[in-house]
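Sequences listed follow chains A and B, in order. Counting from 1, position 57 in the first sequence corresponds to residue 57 in the working numbering; the numbering is continuous, with no gaps. Counting from 1, position 16 in the second sequence corresponds to residue 16 in the working numbering; the numbering is continuous, with no gaps.
Since the hints were derived computationally from the structure, they do not count as laboratory data. Please note that the accuracy of each hint is not assured.
[As the list claims (entries may be wrong)] Simulated pairs of lysine to any residue, SDA-like, Cα-Cα distance not exceeding 20 Å: (1) Lys49(A) <-> Gly43(B); (2) Lys110(A) <-> Val60(B); (3) Lys113(A) <-> Leu7(A).
[As the list claims (entries may be wrong)] Restraint ranges, calculated between C-beta atoms of paired labels, are given here: (4) Leu11(B) <-> Tyr39(A): 31 to 41 Å; (5) Thr28(B) <-> Tyr39(A): 43 to 53 Å; (6) Lys58(A) <-> Glu59(B): 12 to 22 Å; (7) Gln62(B) <-> Ser84(A): 30 to 40 Å; (8) Trp7(B) <-> Lys58(A): 32 to 42 Å; (9) Gln62(B) <-> Tyr39(A): 20 to 30 Å; (10) Ala40(B) <-> Ser3(A): 41 to 51 Å; (11) Gly8(A) <-> Glu26(B): 36 to 46 Å; (12) Gln45(A) <-> Pro8(B): 17 to 27 Å; (13) Pro14(B) <-> Pro79(A): 42 to 52 Å; (14) Lys80(B) <-> Thr72(A): 21 to 31 Å.
[Unchecked claim] Per the computed footprint, the stretches of chain B lying under chain A, defined by three or more beta-carbons under 8 Å from a beta-carbon of chain A, are: (15) 42 to 52; (16) 98 to 110.
Every residue gets a Cβ at the ideal spot worked out from N, C-alpha and C, and that includes glycine.
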Amino acid sequence: AQSVTQLGSHVSVSEGALVLLRCNYSSSVPPYLFWYVQYPNQGLQLLLKYTTGATLVKGINGFEAEFKKSETSFHLTKPSAHMSDAAEYFCAVSDFSPRGGSQGNLIFGKGTKLSVKP
Amino acid sequence: SQTIHQWPATLVQPVGSPLSLECTVEGTSNPNLYWYRQAAGRGLQLLFYSVGIGQISSEVPQNLSASRPQDRQFILSSKKLLLSDSGFYLCAWSGGVGTEAFFGQGTRLTVV
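Chain A on its own, in the form it takes in the complex (with noise of 0.2 Å):
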């Protein structure tokens, strides 16, 4: 069954630094990937997935996400962080497998809380 770990409930970085976010997943077939953004009191909002090709994803707000399947991670990164990308971001696979026997339902990690600090 695919899984999903997130490396650090909460991560605290300065305006205009690096913002790394960690994702570690298990499946046994290839994975379906996803990163979403949630805002207090509010839904999930996509911020990209990878299903086949280019491992390297962009997605919205100048984030991106590289799948390499020898370390089974999808870690989430911005080059330059903005006080607006204080958020919990989650990590998700798909609960697919061509083989059939499952709904392709989304499996969730626990979350990362950002902080910005000016």
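Position chain B against the provided structure of chain A, taking the given hints into account.
Same frame as chain A, but now just chain B:
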């Protein structure tokens, strides 16, 4: 374009009272529909999902139930709320297997 509506945004209910949260999707047909519950520090827990009208799958045993009376309507219910039912509830839809999910704005439920 597709939109998802979830209401109410906040709800305070006494223990033992019934619950009904509604979610509707516009701009798509035959979506997969989901109910998640979010607790602080625990991520998102999938409660129910539905691949079609009247088809409900439950992921965890609990005090809640779900129904899908129409293609784009998903309802989360309880006959008698417990304190432990408090949380942030999120409805979502997806276009099918392996695709991303799109979320509603959530309902903050407080059981007192």
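Hint by hint, here is what the structure shows:
1. The hinted pair formed by Lys49(A) and Gly43(B) meets the criterion: a straight-line CA distance of about 19 Å does not exceed 20 Å.
2. Distance hint between Lys110(A) and Val60(B) is fulfilled; the C-alpha atoms sit about 17 Å from each other, no more than 20 Å.
3. A threshold of 20 Å between alpha carbons decides the hint, and for Lys113(A) with Leu7(A) the separation of about 11 Å falls inside it, so the pair holds.
4. Between Leu11(B) and Tyr39(A) the CB atoms are about 20 Å apart, so this pair departs from the stated range of 31 to 41 Å.
5. Range check, Thr28(B) to Tyr39(A): Cβ separation about 24 Å, and the 43 to 53 Å hint is violated.
6. For Lys58(A) and Glu59(B), the Cβ-Cβ distance of about 32 Å falls outside the hinted range of 12 to 22 Å, so the restraint is violated.
7. For the hinted restraint 30 to 40 Å between Gln62(B) and Ser84(A), the CB-CB distance of approximately 36 Å keeps it satisfied.
8. Separation of Trp7(B) from Lys58(A) is about 34 Å and conforms to the stated range, judged on CB atoms against 32 to 42 Å.
9. The hint said 20 to 30 Å for the Cβ distance between Gln62(B) and Tyr39(A), and at roughly 27 Å that hint holds.
10. In this structure the hint that Ala40(B) and Ser3(A) lie 41 to 51 Å apart at CB is violated, the actual value being about 20 Å.
11. Roughly 37 Å separates the CB atoms of Gly8(A) and Glu26(B), a value that falls within the hinted 36 to 46 Å.
12. For Gln45(A) and Pro8(B), the hinted distance range of 17 to 27 Å is satisfied, since their beta carbons lie about 21 Å from each other.
13. Against the hinted window of 42 to 52 Å, the Cβ-Cβ separation of Pro14(B) and Pro79(A) comes to about 50 Å, which satisfies the hint.
14. At roughly 43 Å, the beta-carbon separation of Lys80(B) and Thr72(A) lies outside the given 21 to 31 Å, and the hint is violated.
15. Only when three residues or more bring their CB closer than 8 Å to a CB of chain A does the claim for the stretch 42 to 52 of chain B stand; here the count is 6, and the claim holds.
16. Residue count for the stretch 98 to 110 of chain B with a Cβ under 8 Å from a Cβ of chain A: 10. That meets the three needed, and the coverage hint holds.
Hint check: violations occur at hints 4, 5, 6, 10, 14; the rest are consistent with the structure.
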